[in-house]
Amino acid sequence: MTPAELAQASNSAIYASMLALTLAMVFFAFSFAAGRRKPAVTTTAEVIESEGGAAVITRTEVIDPIVPGRRSANIAMSLTWLGTGLLLLGVVLRGVWAGRVPWGNMYEFSITAALGILVVFLGFSIRRDVRWLGIFIVIPALLTLGLAVTVLYTEAAQLVPALKSYWLVIHVSAAIICSGAFTLAAAVSALALLRGHAERKAAGAEVTGLTARMPSQERLQVMANRIIAFTFPLWTFAVIAGAIWAENAWGRYWGWDPKETWAFITWVVFAAYLHARSTVGWRGNRASWIAIIGWSTFLANYFGVNLFINSLHSYSGV
Amino acid sequence: MSETLPPLSTGGWFRWIWRQFTSMRTALILLFLLAIASIPGSIFPQRGTNPLKTKEWISGSPTWGPILDRLGFFEVYSSPWFSAIYLLLFISLIGCVLPRVATHWRAMRTPPPAAPRNLARMQSHEVLDDADATALDRATEFLEARRWHVLRGESDGTSWVSAEKGYLRETGNLLFHLALILILVGVAIGGLFGWKGNVIVKTGDGFSDTLTQYDAWGGGRFADPAQLPPFSFTMTDFRVEFDRAVAQRGSPKLFQADVSYKANPNSTSESSTIEVNHPLEVDGAKVFLVGHGYAPHFVVRDSTGNVVYDDTVVTLPQDGNFTSTGVIKLPDASPQLGFDVVFYPTLQPGSIVSGFPAPDFPATYLAAWTGDPGLDTGVPQSVYKLDKTKMTQIGRVPSLLPGQTWTLPGGAGSISLVGYERWASFQIASDPGKEFALVAAVLALSGLMLSLFVRRRRIWLKMSAGPNGTTVIEIAGLNRAEGGDVSADIAIITEAITGKETS
Numbered sequence: 004m005t006p007a008e009l010a011q012a013s014n015s016a017i018y019a020s021m022l023a024l025t026l027a028m029v030f031f032a033f034s035f036a037a038g039r040r041k042p043a044v045t046t047t048a049e050v051i052e053s054e055g056g057a058a059v060i061t062r063t064e065v066i067d068p069i070v071p072g073r074r075s076a077n078i079a080m081s082l083t084w085l086g087t088g089l090l091l092l093g094v095v096l097r098g099v100w101a102g103r104v105p106w107g108n109m110y111e112f113s114i115t116a117a118l119g120i121l122v123v124f125l126g127f128s129i130r131r132d133v134r135w136l137g138i139f140i141v142i143p144a145l146l147t148l149g150l151a152v153t154v155l156y157t158e159a160a161q162l163v164p165a166l167k168s169y170w171l172v173i174h175v176s177a178a179i180i181c182s183g184a185f186t187l188a189a190a191v192s193a194l195a196l197l198r199g200h201a202e203r204k205a206a207g208a209e210v211t212g213l214t215a216r217m218p219s220q221e222r223l224q225v226m227a228n229r230i231i232a233f234t235f236p237l238w239t240f241a242v243i244a245g246a247i248w249a250e251n252a253w254g255r256y257w258g259w260d261p262k263e264t265w266a267f268i269t270w271v272v273f274a275a276y277l278h279a280r281s282t283v284g285w286r287g288n289r290a291s292w293i294a295i296i297g298w299s300t301f302l303a304n305y306f307g308v309n310l311f312i313n314s315l316h317s318y319s320g321v
Numbered sequence: 123m124s125e126t127l128p129p130l131s132t133g134g135w136f137r138w139i140w141r142q143f144t145s146m147r148t149a150l151i152l153l154f155l156l157a158i159a160s161i162p163g164s165i166f167p168q169r170g171t172n173p174l175k176t177k178e179w180i181s182g183s184p185t186w187g188p189i190l191d192r193l194g195f196f197e198v199y200s201s202p203w204f205s206a207i208y209l210l211l212f213i214s215l216i217g218c219v220l221p222r223v224a225t226h227w228r229a230m231r232t233p234p235p236a237a238p239r240n241l242a243r244m245q246s247h248e249v250l251d252d253a254d255a256t257a258l259d260r261a262t263e264f265l266e267a268r269r270w271h272v273l274r275g276e277s278d279g280t281s282w283v284s285a286e287k288g289y290l291r292e293t294g295n296l297l298f299h300l301a302l303i304l305i306l307v308g309v310a311i312g313g314l315f316g317w318k319g320n321v322i323v324k325t326g327d328g329f330s331d332t333l334t335q336y337d338a339w340g341g342g343r344f345a346d347p348a349q350l351p352p353f354s355f356t357m358t359d360f361r362v363e364f365d366r367a368v369a370q371r372g373s374p375k376l377f378q379a380d381v382s383y384k385a386n387p388n389s390t391s392e393s394s395t396i397e398v399n400h401p402l403e404v405d406g407a408k409v410f411l412v413g414h415g416y417a418p419h420f421v422v423r424d425s426t427g428n429v430v431y432d433d434t435v436v437t438l439p440q441d442g443n444f445t446s447t448g449v450i451k452l453p454d455a456s457p458q459l460g461f462d463v464v465f466y467p468t469l470q471p472g473s474i475v476s477g478f479p480a481p482d483f484p485a486t487y488l489a490a491w492t493g494d495p496g497l498d499t500g501v502p503q504s505v506y507k508l509d510k511t512k513m514t515q516i517g518r519v520p521s522l523l524p525g526q527t528w529t530l531p532g533g534a535g536s537i538s539l540v541g542y543e544r545w546a547s548f549q550i551a552s553d554p555g556k557e558f559a560l561v562a563a564v565l566a567l568s569g570l571m572l573s574l575f576v577r578r579r580r581i582w583l584k585m586s587a588g589p590n591g592t593t594v595i596e597i598a599g600l601n602r603a604e605g606g607d608v609s610a611d612i613a614i615i616t617e618a619i620t621g622k623e624t625s
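Protein sequences appear in the order of chains A and B.
For the first sequence, this note's numbering begins at 4 and goes up steadily by one.
For the second sequence, this note's numbering begins at 123 and goes up steadily by one.
Be careful, since some hints might not be right.
As the list claims (entries may be wrong) - In silico DSBU-like pairs for lysine-lysine, Cα to Cα no more than 30 Å straight-line:
{"#": "1", "chain 1": "B", "residue 1": "Lys-175", "chain 2": "A", "residue 2": "Lys-167"}
{"#": "2", "chain 1": "A", "residue 1": "Lys-262", "chain 2": "A", "residue 2": "Lys-167"}
{"#": "3", "chain 1": "B", "residue 1": "Lys-384", "chain 2": "B", "residue 2": "Lys-177"}
{"#": "4", "chain 1": "B", "residue 1": "Lys-384", "chain 2": "B", "residue 2": "Lys-324"}
{"#": "5", "chain 1": "B", "residue 1": "Lys-175", "chain 2": "A", "residue 2": "Lys-262"}
{"#": "6", "chain 1": "B", "residue 1": "Lys-175", "chain 2": "B", "residue 2": "Lys-507"}
{"#": "7", "chain 1": "B", "residue 1": "Lys-375", "chain 2": "A", "residue 2": "Lys-262"}
{"#": "8", "chain 1": "B", "residue 1": "Lys-375", "chain 2": "B", "residue 2": "Lys-512"}
{"#": "9", "chain 1": "A", "residue 1": "Lys-167", "chain 2": "B", "residue 2": "Lys-384"}
{"#": "10", "chain 1": "B", "residue 1": "Lys-324", "chain 2": "B", "residue 2": "Lys-375"}
{"#": "11", "chain 1": "B", "residue 1": "Lys-177", "chain 2": "B", "residue 2": "Lys-324"}
{"#": "12", "chain 1": "B", "residue 1": "Lys-507", "chain 2": "B", "residue 2": "Lys-177"}
{"#": "13", "chain 1": "B", "residue 1": "Lys-175", "chain 2": "B", "residue 2": "Lys-512"}
{"#": "14", "chain 1": "B", "residue 1": "Lys-510", "chain 2": "B", "residue 2": "Lys-177"}
{"#": "15", "chain 1": "A", "residue 1": "Lys-167", "chain 2": "B", "residue 2": "Lys-324"}
{"#": "16", "chain 1": "B", "residue 1": "Lys-324", "chain 2": "B", "residue 2": "Lys-510"}
{"#": "17", "chain 1": "B", "residue 1": "Lys-175", "chain 2": "B", "residue 2": "Lys-324"}
{"#": "18", "chain 1": "B", "residue 1": "Lys-177", "chain 2": "A", "residue 2": "Lys-262"}
{"#": "19", "chain 1": "A", "residue 1": "Lys-167", "chain 2": "B", "residue 2": "Lys-510"}
{"#": "20", "chain 1": "B", "residue 1": "Lys-512", "chain 2": "B", "residue 2": "Lys-384"}
{"#": "21", "chain 1": "B", "residue 1": "Lys-175", "chain 2": "B", "residue 2": "Lys-384"}
What the hints assert, rightly or not - Here chain B is said to cover these stretches of chain A; the calculated rule only asks that three of the stretch's residues, wherever they fall, bring their Cβ under 8 Å from a Cβ of chain B:
{"#": "22", "region": "91-104"}
{"#": "23", "region": "231-239"}
{"#": "24", "region": "255-268"}
Claimed, not checked - Per label pair, the in silico range of CB-to-CB distance:
{"#": "25", "chain 1": "B", "residue 1": "Gly-591", "chain 2": "A", "residue 2": "Asn-288", "range": "40 to 48 Å"}
{"#": "26", "chain 1": "B", "residue 1": "Asn-240", "chain 2": "A", "residue 2": "Arg-222", "range": "21 to 29 Å"}
{"#": "27", "chain 1": "B", "residue 1": "Phe-575", "chain 2": "A", "residue 2": "Val-283", "range": "44 to 52 Å"}
{"#": "28", "chain 1": "A", "residue 1": "Thr-25", "chain 2": "B", "residue 2": "Trp-140", "range": "52 to 60 Å"}
{"#": "29", "chain 1": "A", "residue 1": "Phe-306", "chain 2": "B", "residue 2": "Arg-366", "range": "28 to 36 Å"}
{"#": "30", "chain 1": "A", "residue 1": "Gly-126", "chain 2": "B", "residue 2": "Asn-240", "range": "35 to 43 Å"}
{"#": "31", "chain 1": "B", "residue 1": "Arg-269", "chain 2": "A", "residue 2": "Asn-288", "range": "38 to 46 Å"}
{"#": "32", "chain 1": "A", "residue 1": "Gly-284", "chain 2": "B", "residue 2": "Ser-277", "range": "20 to 28 Å"}
For the record, the hints were derived by calculation from the structure and aren't laboratory data.
Computed from a predicted model, the values in this text were never measured in an experiment.
Every residue, glycine too, gets a C-beta built ideally from N, C-alpha and C.
The shape of chain B in the complex, shown without the other chains (with noise of 0.2 Å):
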């Protein structure tokens, strides 16, 4: 701009800029932002882990709903500002740590600084003033021997020891801060490579590995669906205990899944059980059983008493014990016919919701629709809703038991309950990143403790004559970490020196 501004101004502000930056302040501030910028991620819902209930908040307030989401509260964490805040704040980091590893490299390798003029000052202090004249150099012989630096040397007639002890605290807190860098890059990695999918499969069902078989699926960048390891596994047998005792009635008491997969298409079958916290792990990738429900079978005849369907239906539980929720779609019968299920696995009649999770009475409440499903719009729909925009009710039944047939209304046709089946959600997961992520938590947590444990102390060790020709040692310290305390240290060196036990 102007040519009578000085050349290094540029170039002044900027380093000025990146000092504070830099600073232990920016980081606590920072640090600060960061903690409070994660709140609203624990308070609303988050799209990533729960996104019907996202929608149903957004929906429930037409004001706040879409305004909060257009600011990220639904995405907290991958928010522009959650991301901002933590790339900041290890930008910060990396200027505040790189400096001081080349600091920290270079003072390992430089011998402590020369004994201060006057010892009574220092922390601790001791006097022995019954030395030999050998004793400097017993004392460096033993710090040495314990891995201390040390520097001998004169000055003003006496000689003296240096010593310092305790880089590894600094090289530990360094640790710690690029760990920290390196637990970011795992969890990049499992972000870019890694992916998981969710596939509900009821009991004598299999499975493989592959897009299709999915309900959902989701994977980084770089994970590629077409490239799947080819497992594959059926689920035999599926187990489940509630609490039948009053204190917690309805809790799971356990839930186990058996089944048998195979690595790829050519290996032979293995069989294994999968329950909660001990997921399957086959070909790179984990199975792990993430929930479970019914599976009522019906059998439906339309209006001509062609058998329609005769299958079992997921219905999804909405409540701890187990009323679920499903639907049929038959837009092949004559005429087109729909169905709501609810499944009761124990039926308390005259009320609208199961009483208890385990199948003690199992019931559903249907009701029929006809009319036009609007499967064939191309639009997709979800398994589990009926879209009624083109159909119409034509009757309900409160609870069908199982070997019952309820004769729909206007000759539409029938509908019977044969039994249920049960199902298990599995959630299958491959993350690239963990080893990595949790090899750099252990070192982080290593750094952590060297740099919190580790005492960066100096002793100093003077050497002068004393009256009547004996020899006066001064021993005094240093530690340089705050409310800390070197007199053991100095004990125990004195001990060296003198061979005599101090207490």
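This is chain A alone, in the form it adopts within the complex (with noise of 0.2 Å):
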């Protein structure tokens, strides 16, 4: 293919995969709807999940017609893969054709990251039922898709100097992840946080509401935990990956950069996340602020800093 075929067919296949995961954000939308509708299935649904491999297709056969929403999930999980394969492709495509990894600007990291988001949550839907959790990564992940296509779009171009070196794929893959496991982590907490508000409402009782069918706040809780115990190990690699970089290219392996700082501030938080959970008090809805403000300063390093900060990270190429 051409140059001008392959940046056609890259950009075709993005498209393609945000109108996938927008009618998966639909149809997980009508699923999350009608679980509202008849919170009684509830404990049918709880069940299922305590099955583990092919156990679980079975029971899914019987109980469909009476979990609502169960088929609009589905229906869900797979636009879901669709949309995740065609941005694979079109991540692929856009690296062949700047003939090198598609991590050179906020255009391609943002693709990628949506791309993490996606293949972390599908990498944990493998393992467990987490349908409930859907709405809440498509939306993140067709936003950061949506801002990229629109705000952040560049053609692809050589890389800067400064990035040409091998740790590129090191420290930014590990980063790239990150962002995806962060996302699922700040997703799960928020949810754990609604879940505990419905229990106390509940207070005993069935919980009803939007969040009738999810797991229990503890189990949610226990779910991010997990998450972050896998995520902060990679993180704290990015970060020394990262530092290693910079003594390679400007002769510090730290020097407070603005990206440094917040790199450290993302990993101090989520530090004080992991000591919360084994705090008295500290366990609960605490912790799971604490994954939000964590996520909120990722999120503050990745835009705040590319964008409004003379960094010397700035290769945004906005």
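Could you use the hints to bring the two separately framed chains together as a complex?
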């Protein structure tokens, strides 16, 4: 293919992916609204979850007509897989077009970050039923893509000399996986807060409302903790890899450049999260808030520092 | 003070305060404070990395500038409050971790506690009712081979096995926290013994690593500027390319400096290419290419017709298109002369900025001044600024092209633009603590992964006689990490005892 065709193909794949994800969002929303109507079936949904492996499929068949919104949730999941596949294609074609890893400017970081969010979610969905989480993943992924194609879009260009290093692959890929996992953790934590609120309101009775179909607050908190426990070492690695690269590129491994500072802030906040999880009085809602704050510092670093602060890391090329 | 108080009181209070201070809650609060205290350093310019901008900020805000300066907002990371937070955090960390090291050391050498009476209450529980009498022996052998800590015993007529594994979780946790202290030590070594300097070298010129050759040099308390490694280099060529495509027009595509260098005056000369991400490592120091620019070449004659200047002048880029400024000071000319120089790599007629960073249409703006440039006052002066307090402007020319000569008004002489050279700026740095910090960081990461991924868990087996002369084995387990699950461990132990696959 010629470069122009590659560019066209990459962009088309990304637009098609956005279409699939938008439909997925609609179906997730349907399933959500349906879940609100008949909260009585919550318990059956819980049962399915504790089953492992193949058993799930047969059980779902039986329950399908009963659990409202289950079918649209399944359609939404399929659409999410489709959208993620198309996005992967778009990112790969972008890389082929540019003749390098597709992480040279903010448009490319953003489409890859959206891919990261979706891949982490889908990876999670293989192991357990997280259909209730879908809408909270598809929305941030769509927002990231929307921002990418409208505000951040740039033609593929050569890497600036500062980015020509194999550390780009190591450092940036780790950071991108973290972006997906932090988003997932923040979404789960936000839901834990909502669900906790609903549980307190129900005061021991069946939880109704938006969060009726979700796992218990406690399980959501444990889930967020697991995601962060996985992501925190990876983030530590990304920061160390960045420091090694910085030493090789700029002559110092740590210089409190705004990007480094905010990476450090994110690290400290998630360290606080892990400490909070083993501190009496902090394990619950406070820990969930800390996870959300940690994710916000990550966002501040990505958008704020790239776009508004003069930093050595300003390669945004917007 | 008062003799009626119990003698333990002071010590008791101290212990109480120490306990509060080393508690997790304090660590949490200090972590939050550390995160918040880091923020201003990313918003305000910092003197260490951007002295010029810092100065501008302070002078641009006469009310807030000095106040924030006094409060350390322009040197956040060396300010007393920032240092206080991280030092307190580290003291709290040491106070928390050291006792835990002792506890963990003892725990690793103590067998696990005896099996509880009622195993059915545990997280996971299995009953095998067709086991044989040697089952516990096999289980013990199996567990010990897999490095479980095992204790066997008998109580209430049943014999039991208690086993624990996953001590590495706490080992990793402690290693992580201790390694953080080591990172700080590595940073401190770099701060005390490290040094760095900046120098601008024009194509064809050389540099040898002595203090006087640097434009700027700074080192830690124990860095000796008289003992710099005796290397030298000459920049033989410098290449730059800029992107001409519309998308990222003007962004750099390549910059490379070819150098020939000598590790010491007696060694043979070697050649190398320095570029971004590819520093030159020589004699414990690293030479980084950090910037580049243009040095226009002028010939100046004064009123007597004598050549008073025939050299290149370094101009500093002011924008992305390399509109560059510099000055020429000629205190020995007659009359005394000074020039403001603006170099445009690509002149856009009618505009006061360059249109592209590459030298497509080079030209200079010049302003000529006469009078005393104040060089003999003894006050140090910037070579990039003309002190005009005792000078008067005699004329300007908006664009002088290479080969052109401008005859100065009033017969003060003439100035010709001959051409231009390129210069590159290098940062030369030595940080003897960086390897130490890296090893500490890798230790910290390893410890962190152990502490988050290893599961600390206990398994118990109890053997009792069942009905009809059978042997019943109860297996139960407990994962001490939250949300953990020991069913996988129980499954493999069951398999080891029965010799059957369980699924």
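Now the hints, each set against the structure:
no. : hint                               : result
1   : B/Lys-175 to A/Lys-167             : 28 Å, holds
2   : A/Lys-262 to A/Lys-167             : 19 Å, holds
3   : B/Lys-384 to B/Lys-177             : 39 Å, violated
4   : B/Lys-384 to B/Lys-324             : 18 Å, holds
5   : B/Lys-175 to A/Lys-262             : 18 Å, holds
6   : B/Lys-175 to B/Lys-507             : 16 Å, holds
7   : B/Lys-375 to A/Lys-262             : 23 Å, holds
8   : B/Lys-375 to B/Lys-512             : 44 Å, violated
9   : A/Lys-167 to B/Lys-384             : 27 Å, holds
10  : B/Lys-324 to B/Lys-375             : 21 Å, holds
11  : B/Lys-177 to B/Lys-324             : 28 Å, holds
12  : B/Lys-507 to B/Lys-177             : 16 Å, holds
13  : B/Lys-175 to B/Lys-512             : 27 Å, holds
14  : B/Lys-510 to B/Lys-177             : 20 Å, holds
15  : A/Lys-167 to B/Lys-324             : 25 Å, holds
16  : B/Lys-324 to B/Lys-510             : 27 Å, holds
17  : B/Lys-175 to B/Lys-324             : 26 Å, holds
18  : B/Lys-177 to A/Lys-262             : 22 Å, holds
19  : A/Lys-167 to B/Lys-510             : 44 Å, violated
20  : B/Lys-512 to B/Lys-384             : 45 Å, violated
21  : B/Lys-175 to B/Lys-384             : 37 Å, violated
22  : 91-104                             : violated (count 0)
23  : 231-239                            : holds (count 5)
24  : 255-268                            : holds (count 11)
25  : B/Gly-591 to A/Asn-288: 40 to 48 Å : 56 Å, violated
26  : B/Asn-240 to A/Arg-222: 21 to 29 Å : 26 Å, holds
27  : B/Phe-575 to A/Val-283: 44 to 52 Å : 24 Å, violated
28  : A/Thr-25 to B/Trp-140: 52 to 60 Å  : 58 Å, holds
29  : A/Phe-306 to B/Arg-366: 28 to 36 Å : 29 Å, holds
30  : A/Gly-126 to B/Asn-240: 35 to 43 Å : 39 Å, holds
31  : B/Arg-269 to A/Asn-288: 38 to 46 Å : 39 Å, holds
32  : A/Gly-284 to B/Ser-277: 20 to 28 Å : 38 Å, violated
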